[in-house]
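> Protein chains in written order, with the UniProt record's numbering: chain E, 1 to 376; chain S, 1 to 281; chain A, 1 to 284.
Please note that the accuracy of each hint is not assured.
To be verified - Some chain E residues judged to face chain A by a derived CB distance under 7 Å, without partners named:
1. G9
2. V336
3. G340
For the record, the hints were derived by calculation from the structure and aren't laboratory data.
Note that CB positions come from ideal geometry on N, CA and C, so glycine has one too.
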Amino acid sequence: MGYVAVKGGTQAIEEAIKRLKYERLHKEQVLETGQIEAGMRGLIDQVMSESSLYNEKLAALAIKQAEGNPEEAVFLLRAYRSTLPRKHCSQIIESEDMKVERRISASFKDIPGGQILGAATDYTHRLLDFNLMNETEKTVKEWLSAYAIENSSIEELMNGPELVLPKVLDYLRKEGLIPPLENNDAEPDDVTRESLEFPSSRSQRLQILTRGETGAVTSLAYAVIRGYGALHPTVGELRVGSLPIYVGHPNEEGSDEDEYYIGNIKATEAEMLMPFMAEKEKGSKELEFEIGYGLCFGQNETKAIAMGILDNCLEHPDNSFPSHNEEFVLLHIDSVESTGFISHLKMPHYVTFQSKLDSVRKTKGKTEEREEVRSI
Amino acid sequence: MTEFEVPVLSIKNLNKQFGPGCDHCRNPEPMALIKNYCSVCGTVYACRDVSFDVYPGEVLGIVGESGSGKSTLMQCLYFDQETTSGEGYISSYQNGLKNLFEESSQQKRYIRNHLMGKVYQNPLLGLKIDFSSIGNIAEKLIAAGSRNVGMMEARGSELLSKVNIPVHRRKEAPKNFSGGMQQRVQIAKALSNQPPILLLDEVTTGLDLSVQASVLDLIKSLQREMNISIVLVSHDLGVIRMLADRTLVMLEGQVIEQGLTDQILEDPQAPFTQSLVHSLL
Amino acid sequence: MNTAYNFAFFDEGSKREIRRATLKAIAIPGYQVPFASREMPIGRGWGTGGLQLTLSLIGKEDVLKVIDQGSDESVNAVSIKKLVSDTTGVQITDHTSRATIIQSRHRIPEVPLNKDQILVLQVPLPEPLRYFEPSEHETKKLHAEKEYSGAWLMLFEQIMKYGSMTTGADHPVMVHDRYVMAPSPIPRFDNSKMNENEALILLGAGREKKIYAVPPFTKIVSLDFEDYPFEGESFDGKCCRLCGSEGVFLDELIDEATGETYYQCNDTSYCCEILNEVEKAGVN
């Protein structure tokens, strides 16, 4: 009778949990979290970004426990995040201060500071490298020392780059191609402390987008540029690097003297340029650029770009495209919410189904009656 | 004073603007605006100081070119748009003493549901296109407080046959219907709670000529039979001539001329009205 | 007890915040109060709204009962009980009358509740107007203006199409003559139990981030029409094969051997209690 016999459900569940553990262990290999941290940078970054919790060690643990399933790993971290009290808020981070590892612009060839390709898969051929099957510690070390000789400044590589570069968009602002913007120092709304209400604020939208499930954010942005949207974006600047985080002294607010440096986070920032017709005085129109903004934890370039596209879409509500509808986008891209609701369909629905069955039977009787009435 | 002389609906100094306005266009100088548009801040003055009364059983026509503010006026009357300023009174609502435009949105809902009906140019705005036709009519009846399925079904069927929709198609959704049929379902819906006031916004625009004629005939006969007051907006003087007892002419957001329809047609005063009448002939 | 986590999982700040939303919900019966729903260690859609309510309310003296579609032993009920008891160490019971907090998915127990109990219902879709109007922004306005034609219209359409109202579970109700509310997917059979109930009923939707409440002795009326009155599921002439109860919600089962349909109490702990009483009476 399946799992809801009058008694005995508890035991069946215990066994199912054991079975899950068995699946993880039965090949008798212990996967160390250190290995995950070292070798699964892409997955770690994706999981940290979607769970909005920046901690490589915990992400590695979650990935291990989830057997590499990102949906499950994000779920574990989000649930853990719910138990953490909020002790401090960071100072405002200026992304100009990013120590850049990679920085490109698709709009301008000659940008101040130059294009820095950095570590990216964009320029590789996606051919399976069968040598990796036989990679040994020895071959790794040999390669590393050869690389060190080639790059005599390996020290710098190991200590992290110290390159701070001006932003491409500032250059455009000076040229007058983007309207100047005032800093908006309003306290952002926090979607994890206060539930989202519509119409949403920009800070709420950006938070939901950056926490969004990578595939979902990408798919919606893809739909926008493919035709189900009204945007034609260009990457103004994409940068990957580390951002320093400072917190203020808890008791002495406002004094810069008492800022404490608490560490770096690696982040990807995308500033997308969208041409649009601006209405000027006296009804004349001018072509101008607008900006869509994307920022995520870790190196998640596709997601950051997609986020930039969706940010701009939501600034311009348009009911003819779901991607320009804030309720449609923001309520459906969260990994924990979407996977949770889809998977809840596996739960028993015996009562609800019984209830529906009763209605179906009732209507059968009724429609027959009505047919008879009609035939008379 | 006889009851006949009390207007069902009375609108006083209604204004509606889109945009914030600026020092330049708030200036009462007549030359401050280009038509009804401020060239400095881009504000559009869609309705300017519009006043009129509608009497029981009367059909009031409002004619004007597109952009003259007549549809905006209709939207304000049905609370689809907030008015910028002005007053409105309905004789059967609070003895005609409360300004409609200052009521709470809950009260506005009540007025729409109980005292008014509206037929939109675009049936998508007036109908739930996926719900059954009878359901569409029931929606208005439910909103007006009915909770009896048999009564609503009977009333809905009666109205549908009145507007020449075969009763056996009552459970079909209007999305399966032609434009003319959709418009007739809308009319049936708007009439379902026997409102004292019916608003018709370009109801025949976009329909074939023969269909137009049948819809107009229908409105005329229903109006006579039920003695409802109608405010009818159209850019087409032909429609106005056929239905309206009295007519307002709107241009650039203002009422430039008003009078008995015959009088407007025979002896137009304003140059705009004259050219409009000439184009009809 | 799992001491790596806080008592009742959350930090105290989070619990206070949820309780504040709960108090507001009690003050405005049937009104959906938005709250900052947390991610929980169980799936979104698996009762996280109910679980957050339970965890924010539970104290060391409480006795908890969790049921899922009537069963104390269903997978999800077991999983929720385990999580709460791991993080709080409170007593767990199957007996409805012994519990102080009863978290339930889609059923109200057969044993009448009393004033010292809180019933927490898990809600998948809190918005009764959602199928009529997909936009949250719009439905909020409809509630504010008490514009509920849509709720009745959906029922009217069902009658037109099928000859009767075909809502299965989750038949909408009017709370205290003001708000139309989704009672959560309890069967229609249970709707009447909500009316003037002695216990406090709290409803939590985790994924949709809403909390709402039916305070004790609140008037609850299921939506219907004069000539099509609301009807619960009927089990006329049927009784439980195990305990013989009538007038309770029954599961319909099929005997694998004979292929015959038989019925059994859906509320399993109620069924056990009746059986025990019968046995006791027999022994004495």
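> Of the numbered hints stated earlier in the document, which are not met by this structure?
Violated: none.
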